[in-house]
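One line per chain: the protein sequences are A and B, in this order. Number 62 in the numbering used here belongs to position 61 of the first sequence; there are no gaps in the numbering. Number 343 in the numbering used here belongs to position 342 of the second sequence; there are no gaps in the numbering.
Don't read these hints as lab results, they were simulated from the structure. A hint or two may mislead.
One copy or any two copies: either way a pair holds, since identical chains are not told apart in the list.
Stated by the list, open to error - No more than 16 Å apart at the CA atoms, straight line, and that leaves these computed lysine to aspartate or glutamate pairs for EDC-like:
(1) K152 / D17
(2) K186 / D114
(3) K192 / E281
(4) K314 / E81
(5) K271 / E324
(6) K83 / D140
(7) K83 / E317
(8) K314 / D114
(9) K192 / E204
(10) K328 / E281
(11) K28 / E317
(12) K271 / D332
(13) K328 / D114
(14) K269 / E339
(15) K228 / E218
(16) K28 / E281
(17) K152 / E16
(18) K28 / E81
(19) K28 / D114
(20) K271 / E339
(21) K5 / E70
(22) K28 / E56
(23) K314 / E337
2 protein chains.
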Amino acid sequence: MAEKILITNDLEKLEDYLHHDGSSYTKIVILVDENTSSDCWPNLAGLCPSLENAELMEIPAGESSKSIEIAEQLWNSLQELKADRSSLLINLGGGVVCDLGGFIASTYMRGIDFIHLPTSLLAQVDASIGGKNGIDLGDFKNLIGTITPPKLCLIHPSFLETLDQRQINNGFAEMIKHSLLEGGKHLELLKSIDIPSAENLQELIEYSIQFKKGVVELDRLEQNQRKMLNFGHSIGHAVESLALSNAFDLLHGEAIALGMAVEAEIGKLKGIGNEKFNSEVLELIQRHFELSIPSFMTAQNLIPFLQSDKKNKAGEFLFVLLEAAGKPIIDVVVQENEIHEAWHQVTVKING
Amino acid sequence: MAEKILITNDLEKLEDYLHHDGSSYTKIVILVDENTSSDCWPNLAGLCPSLENAELMEIPAGESSKSIEIAEQLWNSLQELKADRSSLLINLGGGVVCDLGGFIASTYMRGIDFIHLPTSLLAQVDASIGGKNGIDLGDFKNLIGTITPPKLCLIHPSFLETLDQRQINNGFAEMIKHSLLEGGKHLELLKSIDIPSAENLQELIEYSIQFKKGVVELDRLEQNQRKMLNFGHSIGHAVESLALSNAFDLLHGEAIALGMAVEAEIGKLKGIGNEKFNSEVLELIQRHFELSIPSFMTAQNLIPFLQSDKKNKAGEFLFVLLEAAGKPIIDVVVQENEIHEAWHQVTVKING
Chain A
2 MAEKILITND LEKLEDYLHH DGSSYTKIVI LVDENTSSDC WPNLAGLCPS LENAELMEIP
62 AGESSKSIEI AEQLWNSLQE LKADRSSLLI NLGGGVVCDL GGFIASTYMR GIDFIHLPTS
122 LLAQVDASIG GKNGIDLGDF KNLIGTITPP KLCLIHPSFL ETLDQRQINN GFAEMIKHSL
182 LEGGKHLELL KSIDIPSAEN LQELIEYSIQ FKKGVVELDR LEQNQRKMLN FGHSIGHAVE
242 SLALSNAFDL LHGEAIALGM AVEAEIGKLK GIGNEKFNSE VLELIQRHFE LSIPSFMTAQ
302 NLIPFLQSDK KNKAGEFLFV LLEAAGKPII DVVVQENEIH EAWHQVTVKI NG
Chain B
2 MAEKILITND LEKLEDYLHH DGSSYTKIVI LVDENTSSDC WPNLAGLCPS LENAELMEIP
62 AGESSKSIEI AEQLWNSLQE LKADRSSLLI NLGGGVVCDL GGFIASTYMR GIDFIHLPTS
122 LLAQVDASIG GKNGIDLGDF KNLIGTITPP KLCLIHPSFL ETLDQRQINN GFAEMIKHSL
182 LEGGKHLELL KSIDIPSAEN LQELIEYSIQ FKKGVVELDR LEQNQRKMLN FGHSIGHAVE
242 SLALSNAFDL LHGEAIALGM AVEAEIGKLK GIGNEKFNSE VLELIQRHFE LSIPSFMTAQ
302 NLIPFLQSDK KNKAGEFLFV LLEAAGKPII DVVVQENEIH EAWHQVTVKI NG
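With these hints in hand, go ahead and build the complete structure from the sequences.
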């Protein structure tokens with residue numbers, strides 16, 4: 002099923018949708034976090050009369066909300082609010098809200114309709130597109146979830162004006178990934194941006210969403226092509242999980258940026274990529290991210306997290322590596338010693 | 002997607018399947034409860050060399066295992082067993098094992114393959130067919146779940162030989178429901194059975210499975226026709242939930258039997274059914290169930306559970322009522338006072 006994705010700076014399009022396609026919902030519940038509750042909800046409520054009687058469910062901001070405990074609280078809240086099978090959940094927030102809300106909706110009463118209104122750049126170009134949702138199991142990211150597309154994903158670039166530069170860069174990491182996977186004009190456009198902002202990203206956001214949407218439509222259940230979107234995410238997820246378990250403040254995009262640099266290096270070690278391409282990748286990443294590696298973050302400590310990676314098969318690490326921009330190779334078996342070596346190489350390069 | 006359902010007394014058919022279609026699974030995990038672990042697993046293991054390296058996960062028998070806590074334990078177990086996306090879960094047990102196992106598998110790593118090997122009559126003719134799975138949220142039955150079909154559902158009637166009469170009757174309630182919904186030869190065959198047993202049920206099991214499978218294939222996501230399968234289940238689920246919250250020993254089928262009697266009575270009150278048909282229904286039910294109603298079980302106490310019924314829409318109770326055998330009417334709005342009245346009538350009839 003192709004998802005309905007609408008990129009618009011006119012929030013009243015949501016009212017159009019709710020007024021027409023959504024008029025038979027028995028109840029509308031909005032999932033927000035403490036930030037979107039104050040930064041985005043009042044504006045939205047003012048523009049959409051259909052949301053007049055909507056109920057709000059608020060969660061703390063941050064990855065730690067993607068837990069079974071919070072999921073249970075939200076299921077209970079929906080039950081207490083008397084949400085039924087004909088109710089709608091609107092996820093108003095970043096990746097955490099979209100991932101968690103998508104999971105809650107796809108399992109409550111065996112599935113109710115939901116809409117994503119992503120408010121962060123990361124959620125707009127990545128988390129809200131493609132139907133994947135999930136919660137974390139202990140330190141393991143997104144181990145539990147479903148693949149269920151929202152009824153509508155409404156991308157409102159003006160929401161980005163509420164974000165600080167670190168949050169913008171957080172989403173920009175996934176845009177770098179998309180441009181490296183597609184190459185060509187997409188990558189050229191991305192390279193031309195010095196400091197990404199709500200103002201200069203509009204065209205690139207459309208490129209990024211169209212690219213991801215196209216890949217997902219070829220392979221919604223991730224049997225083949227969709228796997229390419231995991232570039233940077235084998236190392237990146239392990240970095241993110243290790244940071245999480247050490248209560249170290251690291252955003253998803255920051256982990257993925259480091260992941261892309263290390264995975265490019267692994268590609269070179271395996272004779273798939275080359276030094277020139279890797280230098281370009283590292284330059285692009287260092288332009289936008291101040292990569293600093295805390296002492297607990299070692300290849301040794303990353304391995305247990307890599308062993309629980311959803312992409313593995315029969316205990317082997319399966320990575321996406323790049324031959325060049327626009328030329329991903331999926332399901333490449335990577336050895337533990339190659340991870341150690343590449344991690345070492347990148348660390349040396351970063352530390353200059 | 003039509004499910005593959007195999008009715009056979011030859012368990013080696015599972016080995017054929019695993020050996021051919023299932024040869025690429027990286028790991029096979031079997032979910033059992035304390036009963037099937039000793040009654041069914043040794044026999045199965047002996048017949049299927051492909052299960053030589055399978056891992057076992059065991060849960061306590063009974064509805065209380067369909068909880069978020071047990072679900073979390075099982076997700077963690079799969080992770081510790083290093084089950085990956087290419088692993089297989091086999092659910093060897095009754096309705097609880099199939100419902101819980103289907104939910105675990107459909108959400109672990111966003112969905113892994115699973116097979117149902119239902120061992121109870123209830124699971125063979127009902128719980129394992131149609132892809133519905135779920136866990137309970139507090140006292141609310143199956144509030145959380147997905148609709149995901151198994152790769153294979155293998156019905157092995159010989160498993161029934163391990164069941165006592167109460168467990169046979171438990172499944173027979175759903176067979177009564179199927180026969181009332183289809184009418185004709187199906188109902189005649191069912192009426193001819195005095196005491197159901199593993200020996201005299203073989204033909205009727207096939208009728209029952211074919212009927213449910215046909216209904217589900219018309220409407221997998223329960224938009225229309227599939228709703229008819231909820232006959233007896235509005236009152237029945239409320240009765241079951243109320244019993245559960247009072248730690249009163251009542252099986253699903255026993256609750257559904259009472260539910261069908263009360264819902265037939267509601268049909269008469271609304272001018273949909275008639276007294277003659279209801280007498281037939283009650284006679285059929287009383288032949289197989291000793292209906293006794295504990296003092297806490299009142300219409301008053303059932304209402305809160307009915308209010309959380311997944312079939313409700315906009316706060317209205319939507320029931321399936323029968324005009325006659327083979328003539329179900331879905332989405333009938335029922336009032337609270339009609340429930341009180343029908344409950345009273347049936348109680349009087351039962352108490353003689």
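For this session: Would you pick out the hints that fail for this structure and give their numbers low to high?
Result: Those not satisfied are hints 2, 13, 16 and 21.
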